[in-house]
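Peer 1: Sequence:
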Amino acid sequence: LITLISEEKKTGLILVSGAMGTGKTTTAAAIVSEKIKKSGLLGVAIEDPIETLLCGLHGTGRCIQLEVSENEDYSLALKRSMRMGANILFIGEIRDAITAHEALKASLNGAFVVATLHAASVMDAIERYSMLCNEMHQHANPIIAKSLFMVTHQRLKEVNRDDKVVTHHVSLEGYHIQSVAAIKAKIKDGNFGSLI
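The sequence shown begins at 4 in the working numbering and counts up one residue at a time.
These aren't lab readings, by the way, just hints derived from the structure by calculation.
A portion of the hints provided could be inaccurate.
Only pairs whose alpha carbons sit at most 25 Å apart, straight line, appear in this in silico SDA-like list of lysine to any residue [what the hints assert, rightly or not]:
(1) Lys82 x Val183
(2) Lys108 x Ala148
(3) Lys40 x Glu73
(4) Lys13 x Asn74
(5) Lys160 x Asp192
(6) Lys108 x Asp192
(7) Lys82 x Gly64
Per label pair, the in silico range of CB-to-CB distance [unchecked claim]:
(8) Glu54 x Ala123: 19 to 29 Å
(9) Asp165 x His142: 28 to 38 Å
(10) Gln141 x Asp165: 47 to 57 Å
(11) Val162 x Arg86: 12 to 22 Å
(12) Asp99 x Ile53: 13 to 23 Å
(13) Ala188 x Leu60: 37 to 47 Å
(14) Asn163 x Lys82: 41 to 51 Å
(15) Leu60 x Met134: 30 to 40 Å
(16) Ala188 x Thr29: 25 to 35 Å
Given the structure is predicted, the values throughout are model-derived calculations rather than measurements.
Backbone N, C-alpha and C define an ideal beta-carbon position, used for all residues, glycine too.
The task is simple: from the sequences and hints, build the whole structure.
Peer 2: So this is what it looks like as structure tokens:
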């Protein structure tokens, strides 16, 4: 994952999905840290509450961390981040339509956005994200298809009684270009049942 993401791709949306307690935030934070380090750009991490310390220098890049408060939700923090000139955004969790929509707008406006989302599979993550975005914008699927760079789903697999490892299922980038085009066409048409 990190190798694929640390390439020169500057914009787009990455969804890190899974059930509660499967390390979504840890994976997303590692992606953001590596991207900031490789690019030397400004990142903003928005969480409620802060789970992973990202504030500070990462190579020649820098990350500012914002904790969402009672007076400010994710969408307002995202808007504030874009005004700061952030190139890389980390959204601790997409919980509602407004946050999903603002994440999509940020990726369309040139930001590299990494967000976590509760979902049962890659297909479920894409479908859930689409449903949230479509609450704000009726024809969001073509925009999602254009913006989506990667969706990963992870779960913990027990290797013995005391240890667990994260397993990933990745979709979109990393596939042959014709496959990516076919996947994006299905997302654009809302044909989620045939994604996998």
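Peer 1: Now tell me, hint by hint, if it's right for this structure.
Peer 2: Hints versus structure:
1. Proximity of Lys82 to Val183 is assessed by CA-CA distance (about 30 Å); at most 25 Å being required, the pair is judged violated.
2. A C-alpha spacing of about 13 Å is found between Lys108 and Ala148, which places the hinted pair at or below 25 Å, so the restraint holds.
3. Restraint check for Lys40 and Glu73: the C-alpha separation of about 31 Å exceeds 25 Å, so the hint is violated.
4. Taking the CA atoms of Lys13 and Asn74, the gap is near 31 Å; set against the 25 Å cutoff, the hint is violated.
5. Using a Cα cut-off of 25 Å, the hinted pair Lys160 and Asp192 is violated, with the two alpha carbons roughly 34 Å apart.
6. At roughly 19 Å between alpha-carbon atoms, Lys108 and Asp192 fall within 25 Å of each other, so this suggested pair holds.
7. Of the supplied pair hints, the one linking Lys82 and Gly64 holds, its CA atoms being roughly 21 Å apart against a limit of 25 Å.
8. In this structure, Glu54 and Ala123 meet the distance hint of 19 to 29 Å, their C-beta atoms being roughly 21 Å apart.
9. With their beta carbons about 49 Å apart, Asp165 and His142 fall outside the hinted range of 28 to 38 Å.
10. Between Gln141 and Asp165 the CB atoms are about 49 Å apart, so this pair conforms to the stated range of 47 to 57 Å.
11. The hint said 12 to 22 Å for the Cβ distance between Val162 and Arg86, and at roughly 45 Å that hint is violated.
12. Roughly 19 Å separates the CB atoms of Asp99 and Ile53, a value that falls within the hinted 13 to 23 Å.
13. For Ala188 paired with Leu60, a C-beta distance near 41 Å keeps the hint of 37 to 47 Å intact.
14. One distance hint, 41 to 51 Å for the beta-carbon pair Asn163 and Lys82, holds here, with the actual separation near 46 Å.
15. A hinted range of 30 to 40 Å for the beta carbons of Leu60 and Met134 is consistent with their spacing of about 38 Å.
16. Range check, Ala188 to Thr29: Cβ separation about 33 Å, and the 25 to 35 Å hint holds.
Against the hints set out earlier in the document, violations occur for numbers 1, 3, 4, 5, 9, 11.
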